[in-house]
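Participant: Spelled out, the chains give:
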Amino acid sequence: MLSKRIIPCLDVRNGRVVKGVNFQNVADVDDPVKLARFYSEQGADELVFYDITASNEGRNIFLDVVEKVAKEISIPFTVGGGIREVEDFHKALAAGADKVSVNSAAVKNPQLIKEASLKYGKQCVVLSIDCKKSRQGNWTVFLNGGRIDTGKDAIAWAKEGEALGAGEIVLNSMDADGVKTGFHIPITKAIAEAVQVPVVASGGAGTKEHFLEVLTTGKADAALAASVFHFGEILIPDLKEYLYNNEIAIRRVKHG
Amino acid sequence: MICIIDYGVGNIKSVQNAFDRLGYESKLSCRKEDIEACSHIVLPGVGAFRDAVANLQKSGLVDCLTENVQRGKPLLGICLGMQLLFTKSYEDGVYDGLDFIQGEIVPFQLQDAEKKVPHMGWNELVCHRENPICRGVVEGEQVYFVHSYYAQMANDADLIYSAEYEIDVPAVVNHGNVYGMQFHPEKSSQTGEQLLKNFVELIK
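Top line first, the protein sequences correspond to chains U and Y.
Once you know that position 246 of the first sequence is 259 in this note's numbering, the rest is easy, because the numbers rise by one and skip nothing.
Once you know that position 158 of the second sequence is 577 in this note's numbering, the rest is easy, because the numbers rise by one and skip nothing.
What the hints contain is simulated information worked out from the structure, not anything from laboratory work.
Careful, some of the hints might be misleading.
[As the list claims (entries may be wrong)] Straight line, CA to CA, 20 Å or less: simulated PhoX-like cross-link-like pairs of lysine-lysine:
hint, chain 1, residue 1, chain 2, residue 2
1, Y, Lys623, Y, Lys492
2, Y, Lys534, U, Lys202
3, U, Lys145, U, Lys165
4, U, Lys145, U, Lys121
5, Y, Lys616, U, Lys84
6, U, Lys146, U, Lys202
7, Y, Lys446, U, Lys84
8, Y, Lys492, Y, Lys451
9, U, Lys81, U, Lys47
10, U, Lys202, U, Lys232
11, Y, Lys451, Y, Lys477
12, U, Lys172, Y, Lys534
13, U, Lys81, U, Lys104
14, U, Lys232, U, Lys146
15, Y, Lys534, U, Lys232
16, U, Lys193, U, Lys145
17, U, Lys81, Y, Lys446
[Claimed, not checked] Computed footprint of chain U on chain Y; a stretch qualifies when at least three of its residues, placed anywhere within it, have a C-beta under 8 Å from a C-beta of chain U:
hint, region
18, 431-441
19, 540-546
20, 604-613
Cβ coordinates follow ideal geometry from the N, Cα and C atoms, glycine included.
Make the full structure from the sequences, and use the hints.
Facilitator: Okay, here's the thing in structure tokens:
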């Protein structure tokens with residue numbers, strides 16, 4: 014049986030992990046390579062690195078980090094942030110990423126998904142969707158960190174993205190993001206039921222119960238989180254043990 | 420020296436990264452001299468069967484691989500590279516494979532609508548028979564899969580490990596000195612690294 018995946022996400026700026034990481038047992042918590050290795054050893058099923066640098070120089074440093082991380086870890090590795098054209102997919106994959114996540118650029122130019130998918134295969138094209146509940150009661154797609162409402166229906170966009178060739182959907186509910194009150198279950202479930210490709214829930218994780226809920230009621234195939242892992246509020250081995258005890262198919266860390 | 424066949428498909432650097440971590444010397448190449456000279460051949464691959472076979476033929480590697488396999492050199496096919504080892508594939512047409520292991524590559528046709536295709540993620544290994552490739556790996560350990568087609572084996576005796584995804588999905592296959600892994604050992608944490616190590620140690 015296929016396991017549900019637990020995915021830590023790291024924001025990287027100018028080659029360093031952005032503050033918000035707090036570990037006693039990692040010497041240099043800002044070093045993305047060290048943190049990647051740490052999470053890999055903890056039993057993370059996948060890692061996501063987001064580049065939040067704006068400059069070209071920062072971009073090259075990021076790719077250098079991707080290359081170093083890819084050498085170190087032996088779990089799937091997704092890279093996102095600043096992906097605007099097919100050439101950006103190429104650079105990320107050449108540096109050693111397994112999947113590339115695209116967000117705003119795909120909303121502006123949906124053909125990017127198709128082109129990348131035809132060229133590199135749908136398994137490495139991840140469509141990341143930021144959404145919020147609108148006044149009309151549906152969920153719409155937002156850009157630029159939640160500042161711009163495109164008015165585009167999130168479920169329709171997920172289906173369109175799948176049809177264009179996205180191999181996975183990361184759904185980030187901006188209502189839930191950063192507040193630790195739980196993943197947004199209704200939209201996660203609605204999208205998981207609307208598409209055939211795996212859905213990764215993101216935004217809102219605060220407790221182990223939140224993970225259990227989104228992987229069962231929310232029908233997500235994977236759950237992504239940042240701060241609860243970075244601050245050690247939830248340890249991945251504990252979370253996996255908890256999920257396992259609640260009859261979730263999960264990969265547990267190999268001992269010895 | 421391990422030769423990782425570089426025939427223009429997918430991210431094969433990650434396979435080399437894995438051998439680097441394990442401390443084995445490897446080389447990415449599509450040159451016949453390198454394939455002749457190496458101790459082990461690894462055939463990686465992500466993408467479409469048709470293109471992969473066409474690339475192998477175009478590079479003139481089919482005969483070279485066949486001769487080396489006949490001489491007993493260990494060959495490991497990974498993911499699409501494993502599928503290429505089989506007799507033929509029904510991915511977007513019908514294409515002949517290398518036929519080192521008998522069977523056909525067919526698409527998933529699952530009854531359970533909740534089960535998604537591609538079969539993507541970590542799944543448990545179920546053991547069918549003992550083999551040197553299994554050393555240090557326990558049934559139930561998980562490995563990372565990404566694929567939409569699977570091998571229908573002609574001979575059950577060639578199946579070492581499978582994974583359950585409504586059907587028994589062949590995960591590790593073996594015929595003589597030819598091995599195949601449907602998942603990505605280079606992305607499968609300690610379990611994957613152990614399997615790669617076992618492959619190299621087959622003739623050490």
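Participant: In ascending order, which of the hints set out earlier in this document are inconsistent with the structure?
Facilitator: none
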